[in-house]
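Participant: First to last, the sequence lines map onto chains V and H.
The first sequence maps to residues 1 to 337 in UniProt numbering.
The second sequence maps to residues 1 to 312 in UniProt numbering.
Hints were generated in silico from the structure; no laboratory data involved.
Take the hints with a grain of salt, since some may be wrong.
Which stretches of chain V does chain H cover? Using the computed rule of at least three CB atoms under 8 angstroms from a CB of chain H, they are [to be verified]: (1) 8-19; (2) 49-63; (3) 132-141; (4) 230-242.
With a cut-off of at most 27 angstroms between alpha-carbon atoms, the simulated DSSO-like pairs for lysine-lysine come out as follows [unchecked claim]: (5) V/273 x H/206; (6) V/27 x H/139; (7) H/131 x V/41; (8) V/238 x H/131; (9) H/206 x V/281; (10) V/42 x H/139; (11) V/7 x V/281.
As the structure is a prediction and not an experimental result, all values here were calculated from the model.
Glycine residues also receive a C-beta, built at the ideal position from the N, C-alpha and C atoms.
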Amino acid sequence: MKNQSNKESVRGTGNSAALCKFSSVKKGYYADPFIQYFVKKKEPVEPIMNRGFYMRVHAMDRLISQFLNANTDSSEGVQIIQLGGGKDTTFWRMRLSGENEVVNKLVWYEIDFPRTIQEKLRIISRVPKLQEPIVGWPKKALKKTSKGIELHSPDYHLICGDLRDTENLHKSLQEHGVNFEIPTLFISECVLVYVEPNLADKLLSYITETFKLPFLVMYEPTNPLDNFGKQMMTNLSKMGCPLLAIEQYNSIESQIKRFKKIGFNYVDVKNMKLLWDTLGKWEPENVDGQKERNRVIRLEWFDELEEWNMIMSHYFVLWAAKNDQISQEKFIKIFGL
Amino acid sequence: MDLDWCLEKLTKNPPEVLPEQVVKGITEQLKEALIYESNVAMVESPVSVVGDLHGQYYDLVELFRVGGECPETNYLFLGNYVDRGFYSVETISLLVCLKLHYPRRITLLRGNHESKGVTQVYGFYSECLRKYGNANVWKYFTDMFNYLQLAALIDEKIFCVHGGLSPSISSINQIRVLDRFQEIPPEGALTDLVWSDPDAVEQETKPSPRGAGHIFGSQLVDKFLQDNKINHIIRSNQLCMDGHQVLFSGKLITIWSAPNFCYRCGNVASILEVFKANNSLTLKYNTYTAAPENERIIPSLETTKEIPDYFK
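The following block holds chain V by itself, in its conformation from the complex (with noise of 0.2 angstroms):
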């Protein structure tokens, strides 16, 4: 009998990846000066914890990057509207990397539980450094609303929301400038499998049949079915955050499918215990592969391989794009895999 998924702890999920993402940027893994300010009881978690959201973060990075440079010729620029995303901290991370600089706008909207939206803002309001590339914050930038306070500054935008209500999301994004027509990219790193499949995908068609271009990078968890994906299920449940979307879609070909059906054009999935296996081989061309595959190898003794390689299987990135103009080739591979 499956527990009942416990808002709180769906809710707590993103606190989980936020001091496991400190601890991998606390051991070299690699670099966030943000993340430190979204974790309260700093401890340090297991190596395969510090590697596995390494490679989570790196993955979901070069994707977005993806995205990026394919809409460098976008004249009203682009957006990107993160689900759920927690105490993410790309936004800042790209700011300070200047990346956001490759397109000619990019406006950034992330939509969350009311409570979490309201955590992350007494956060800002206590740190400058996360203060500084909000234009008008605070006065022009926060906003009271019905739901709570949320952040409207021209290019950060924090919405409170519920995924599962398509309706009001909908409202909130028109009113608040979203622009149907640019190429918008939506992401859920480990977000969509906690919701109802049913409500989950009503979300993609929404998202498919209300924008022009829309472009998605997901991370979930797949296969339930061997005796690690159905220990999984059982833990998960038992911690209150069930994995409500992966039974019905519990596999990579069965993903794939669901995105086709939805109306994404162009879908392609890769399993993460590939891309470790060939990390090195999709860097930039500019960085030495196989110097950042050693460089991680040595950060820290590794006793839990098997185990690795267990979880890492039963994890994978999508992508997905909704586009007639630009051609297959350019999309239907990622990290030239």
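Following the hints, position chain H against chain V.
Facilitator: Chain H in isolation, oriented as in the chain V frame:
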């Protein structure tokens, strides 16, 4: 040292940890006993060989239920008693007391987690801090780890070690003359014995992706068996979904004794009985699953981390 009293506390449900001074006493006593023992323990069959336990106390209890209680059954443990699970303290305390009480019935080898450095990363240090309020007990146990034997020979025919072979060791006598009374170094023969893994395909001996030890193939195994006139190698170190794995036509066996490892892997566990039948050494696997949910108590942890953890 009243070992019966210690064993009574440790076999309650839930088990009770021993007072700090008692831990000091039992670890000192075991060190004194082990200092005279060779690096290579000579063990006689019948004996049951046990792989990694990793603090899974309730599954150790299950193991004794399945394999037979000590001292009625002889046991050879291949190391990795601590880290990863919730009950490393109770697990190692129980095994130390059993070893002191029945020294000829149980052999405890050293694994790569019987190390000051590794236990600070993988949970034993934090667990000691949580259960005792300070690091003294961790220090007593990890000082004692430096005395654990490195390998065993069953009936002079079966070589047992935690990890595997070393490119710097061709003879068991070389193991006998190593200085084992130290923290596991970053590299070298001692390190290889507790960190190495076999590879079914690889012929060349290479550095291990674990960050210590080596990967070795059938060539090194064949040579080692031949030069030392032995028939099998039994080792642990690698998680096996089926509890055990056999390589090189039976010459090398991996045994894994932590079922549903870290409450995450969904694997079964095995122990390996070695006994004489019709005058020849026979190997029999005893496979078991994790102790039932209603017979274990998962402690609440004062930590932000959720155990087991996933990429949530």
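Participant: Looking back at the hints listed earlier, which ones does the structure fail to meet?
Facilitator: Going through the list in order, the structure violates hints 3 and 11 and respects the others.
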